[in-house]
Amino acid sequence: MARMKFICDAERCIECNGCVTACKAEHDVPWGVNRRRVVTLNDGLPGEKSISVACMHCSDAPCMAVCPVDCFYRTDEGVVLHDKDVCIGCGYCSYACPFGAPQFPTNGTFGLRGKMDKCTFCAGGPEANGSAAENEKYGRNRLAEGKLPACAEMCSTKALLGGDGDVISDILRTRVLQRGKGSEVWGWGTAYGKPTQGVKS
Amino acid sequence: MNLRGRITTPLVATMAVALAVGTSGCSEKPQTASERKTDAKGWDLANSGSLAAGWKGGDQAAWEQQLRTRAEGQNEYPRIVLRSAPAAVAAAASSPLAPKTP
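Respectively, the protein sequence lines represent chains Y and C.
According to our numbering, the first sequence holds residues 1 to 201 in order.
According to our numbering, the second sequence holds residues 1 to 102 in order.
Don't take every hint at face value.
To be verified - Pairs of lysine-lysine, DSS-like flavour, derived with a Cα cap of 27 angstroms:
id	chain 1	residue 1	chain 2	residue 2
1	C	LYS41	Y	LYS147
2	C	LYS41	Y	LYS115
3	C	LYS37	Y	LYS137
4	C	LYS29	Y	LYS115
5	C	LYS41	Y	LYS137
6	Y	LYS84	Y	LYS181
7	Y	LYS147	C	LYS37
8	C	LYS29	Y	LYS84
9	Y	LYS115	C	LYS37
10	C	LYS41	Y	LYS24
11	Y	LYS84	Y	LYS137
12	Y	LYS84	C	LYS37
13	C	LYS41	Y	LYS84
14	Y	LYS181	Y	LYS158
15	Y	LYS147	C	LYS56
16	C	LYS56	Y	LYS137
Treat the hints as calculated values from the structure; they're not laboratory data.
All values reported here derive from a predicted model rather than from experimental measurement.
Produce the entire structure from the sequences given, and follow the hints as far as they go.
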């Protein structure tokens, strides 16, 4: 079994936040916690780029390295998960993560910090697959149902790819070969003008 | 034993017991780590009403194939580009950058 990975194709992402919504709805993620977010660079300027970001399920995960109670583990498929019964909510993982993936539910005026919550690649947690306890703590275990993460499967432009790293990298490679780069990319000329437009001879 | 002794001895004994009971709450609790839970294998889901169509739970090989098929389903090129521009796809496939995996 290869490693499960996400790839977000910045040329295709249209910042619709469909992935964010799919994730929130699928797992009943509480208010204030975003397991997935869409980040836009150069917003409103020609050539702006958006990318959907969540836990990248790192092969050498910094969150795992810094956790003082060792609540993280990695599945055979390379998905980084954690045990909320062991987590103490210290927040070290959020400082270590370069993607801002670990989230902490808060409530009350002084922001009481709860146990860490993050993208599970729709693979649940250490409780029995598909159990009510797993669903309550980590959300739905789609992977055990033979499905891919809801965010990737719901992506309308297929900018967000999820699944076996070999398969999705092949898909992206084929796209790049097909569409070219920079102003050769499909739709670029329509949206931003061709390189020759506006040049006075 | 005089009267004073008869009064103070049980009093001291009672105080000693109370002190022992009272301070026992200050002793350290055992700090042995609870047993780590082990997660079930991803394919180990025999009973669920939400299994993907065409797949039976509990079969590792079938599960891996199911996920692979679904991942490949994210590629719309076989559905769209192959019909419209087979030559372009053939050119891409023969490129040195073309994927080597089967």
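Hint by hint, here is what the structure shows:
Taken as a hint, the LYS41/C and LYS147/Y pair is honoured in the structure, with Cα atoms around 15 angstroms apart against an allowance of 27 angstroms. Our distance criterion of 27 angstroms between C-alpha atoms is met by LYS41/C and LYS115/Y, whose separation comes to about 24 angstroms. For the suggested pair LYS37/C and LYS137/Y, the alpha carbons sit about 15 angstroms apart, so the restraint of at most 27 angstroms is met. Proposed proximity of LYS29/C and LYS115/Y is supported: the alpha carbons are some 23 angstroms apart, at most 27 angstroms.
Annotation: proposed proximity of LYS41/C to LYS137/Y holds, straight-line Cα distance about 18 angstroms (limit 27 angstroms). A C-alpha spacing of about 43 angstroms is found between LYS84/Y and LYS181/Y, which places the hinted pair above 27 angstroms, so the restraint is violated. The straight-line distance between the Cα atoms of LYS147/Y and LYS37/C is roughly 24 angstroms, inside the 27 angstroms bound, and the hint therefore holds. At most 27 angstroms may separate the alpha-carbon atoms for a hinted pair to count; LYS29/C and LYS84/Y meet this at roughly 22 angstroms.
Note on LYS115/Y and LYS37/C: the hinted pairing holds, with a Cα-Cα distance of about 17 angstroms set against a maximum of 27 angstroms. Between LYS41/C and LYS24/Y, the direct Cα distance comes to roughly 25 angstroms. Compliance with the 27 angstroms bound is thereby established for this hinted pair. Restraint check for LYS84/Y and LYS137/Y: satisfied, since their Cα atoms lie roughly 7 angstroms apart, inside the 27 angstroms limit. Between LYS84/Y and LYS37/C the CA atoms are separated by roughly 11 angstroms; this keeps the pair inside 27 angstroms, and the hint holds.
Of the supplied pair hints, the one linking LYS41/C and LYS84/Y holds, its CA atoms being roughly 19 angstroms apart against a limit of 27 angstroms. Taken as a hint, the LYS181/Y and LYS158/Y pair is honoured in the structure, with Cα atoms around 18 angstroms apart against an allowance of 27 angstroms. As the CA atoms of LYS147/Y and LYS56/C are separated by approximately 12 angstroms, the hinted pair is consistent with the 27 angstroms bound. For the hint linking LYS56/C to LYS137/Y, the alpha-carbon distance of about 26 angstroms falls within 27 angstroms, and the restraint holds.
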